[in-house]
Amino acid sequence: DTEVTQTPKHLVMGMTNKKSLKCEQHMGHRAMYWYKQKAKKPPELMFVYSYEKLSINESVPSRFSPECPNSSLLNLHLHALQPEDSALYLCASSIGNGYTFGSGTRLTVV
Amino acid sequence: GENVEQHPSTLSVQEGDSAVIKCTYSDSASNYFPWYKQELGKGPQLIIDIRSNVGEKKDQRIAVTLNKTAKHFSLHITETQPEDSAVYFCAASRDGNQFYFGTGTSLTVIP
Chain X
1 DTEVTQTPKH LVMGMTNKKS LKCEQHMGHR AMYWYKQKAK KPPELMFVYS YEKLSINESV
61 PSRFSPECPN SSLLNLHLHA LQPEDSALYL CASSIGNGYT FGSGTRLTVV
Chain E
1 GENVEQHPST LSVQEGDSAV IKCTYSDSAS NYFPWYKQEL GKGPQLIIDI RSNVGEKKDQ
61 RIAVTLNKTA KHFSLHITET QPEDSAVYFC AASRDGNQFY FGTGTSLTVI P
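Going down the list, the protein sequences come from chains X and E. Per the numbering used here, the very first residue in the first sequence carries number 1; after that it's consecutive. Per the numbering used here, the very first residue in the second sequence carries number 1; after that it's consecutive.
Honestly, the hints are just simulated from the structure, not real lab data. Check the hints yourself; a few may be wrong.
Which chain X residues face chain E? A few, computed with CB under 7 Å, are given here [unchecked claim]:
id: 1; residue: ALA31
id: 2; residue: PRO42
id: 3; residue: PRO43
id: 4; residue: LEU90
id: 5; residue: SER94
id: 6; residue: GLY96
id: 7; residue: PHE101
id: 8; residue: GLY102
id: 9; residue: SER103
For every residue, glycine included, the Cβ atom is placed at its ideal position computed from N, Cα and C.
Given the sequences, and given the hints that come with them, work out the whole structure.
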């Protein structure tokens, strides 16, 4: 298995909703990432997990809450988002020689 | 921190011609430089990479060159095809785990 799987592919949520994004990989990669990507822009790093521990938080607002239940899974819990949070959310994993990205979750906040 | 600049932001070429995208980086400690291709509605896909101990790497129609002294690296695509149309991102890393991305190049190959 050489893929990073993200679910759901699309998500529409209201500003008072709570939702979660999921990411799964079975390549044995010990570093996993959440990125946010706006249209026509490069991915922006949000969080880095290394060996299931949060190692980098790029000053992300607390309405985004990451979780790494085990070495294969990464979640991003969303609560009280704003319309400007609408974007493509990408998960990636790495073993030190470049990322493997998932296809992303297209999030729309209404 | 690292700063990666990428040019051009848009590039149109005729099918069969070559395309070149250039990136510069600021951190002399960066030693790994991947290139990603992102098609519409998909996540970025690694297409080629180069490490700082190598000056050039080739994989079929794509190649990457690195000039460590000048701190720049380039992606070369030869014999372009319509399916090469996508957004391309360069990136730089010093540890292989945290990457700094360029601003992207939207490549259009005109049939």
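Going through the hints against the structure:
For X/ALA31, the shortest C-beta to C-beta distance to chain E is roughly 5 Å, which falls under 7 Å, so the interface hint holds. Against a cut-off of 7 Å between C-beta atoms, the interface hint on X/PRO42 holds, since the closest Cβ of chain E lies about 4 Å away. This hint holds: X/PRO43 has a C-beta 6 Å from the nearest C-beta of chain E, less than the 7 Å allowed. For X/LEU90, the suggested interface contact is upheld, since its CB lies about 5 Å from the closest CB of chain E, less than 7 Å.
Interface hint status for X/SER94: upheld, as the beta-carbon distance to the closest one in chain E is roughly 6 Å, under 7 Å. For X/GLY96, the suggested interface contact is upheld, since its CB lies about 4 Å from the closest CB of chain E, less than 7 Å. Taking 7 Å as the C-beta contact cut-off toward chain E, the hint placing X/PHE101 at the interface holds, the least distance being around 4 Å. For X/GLY102, the interface hint holds, since its Cβ comes within 7 Å of a Cβ in chain E; the closest pair sits about 5 Å apart.
At about 5 Å, the closest approach between the beta carbon of X/SER103 and any beta carbon in chain E falls short of 7 Å, and the interface hint on this residue holds.
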